[in-house]
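Colleague: Those sequence lines, one after another, are chains A and B. Mapping of the first sequence onto this note's numbering: position 79 corresponds to residue 79, and the numbering continues sequentially without gaps. Mapping of the second sequence onto this note's numbering: position 4 corresponds to residue 1004, and the numbering continues sequentially without gaps.
Calculated directly from the structure, the hints in this document are not laboratory data. None of the hints are false.
Pairs of lysine to any residue residues, derived as SDA-like cross-links and limited to a Cα-Cα distance of at most 25 Å, are as follows:
#1 Lys73(A) - Asn1047(B)
#2 Lys40(A) - Arg1059(B)
#3 Lys49(A) - Asp112(A)
#4 Lys73(A) - Arg1013(B)
#5 Lys1060(B) - Ser17(A)
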Amino acid sequence: SSSITELLGALCDCSLSGVSWKRRALGGVSREGFRRALKKRAYGALLSKLFQDGTKGSASGPSTSASTPPRNKVLMICFDLRVAGCREEAERLEEQLERLPEGASSCLKEVDAVLELLVHLAGSAPPPPTSF
Amino acid sequence: MASAANTNLNAVRETMEALLEISRLLNTGLDMESLSICVRLCEQGINPEALSAVIKELRKASETSEGVYVCMSDNYPGRGLFF
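Isolated chain A (complex conformation) (with noise of 0.2 Å):
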């Protein structure tokens, strides 16, 4: 039950892991002045977004893609796979849809929220390395 401010602190703490803060000290950059900056980059990125969603909101009335359910949208996900040749994450990717709850019945309140983020945020990290 943390507030929405906590947990972006926390959200920009995930990303401050694994950052040598020895090395960075002889850069003269301090990890409370990289979290300070880490926080006011987070806050624009949020606040933007939510301006310029209010702005398209009134102009033109919501997209196609907006209204597709985020089940929905990781099923095309799974059907790119497949026509991509990658059958195996593509029905590990349906497994795993199923294995989520729906409405009323959930858990977890936001379920569809989640999805729809990990949708937004789909191919954003590195491919992972391949073994020889």
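Given chain A, work out where chain B should sit, using these hints.
Modeller: Relative to the frame of chain A, chain B by itself:
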């Protein structure tokens, strides 16, 4: 009562596991800790698209910072431009 709580806890755990696996298959770059924070932010009503913009921005900032470190250590003229 305790049994109902346990059932709910197991259901939450299972849902989180499924979400983490979906996240991995979609190559979102989220680990369990970040995903848990994102779930809680979504439950607080944060728009998922806006949240994805935040995550991408944080990644960009971390990468840029690596550049800052290199620039600073080499006395690059663009030093301090990013902060």
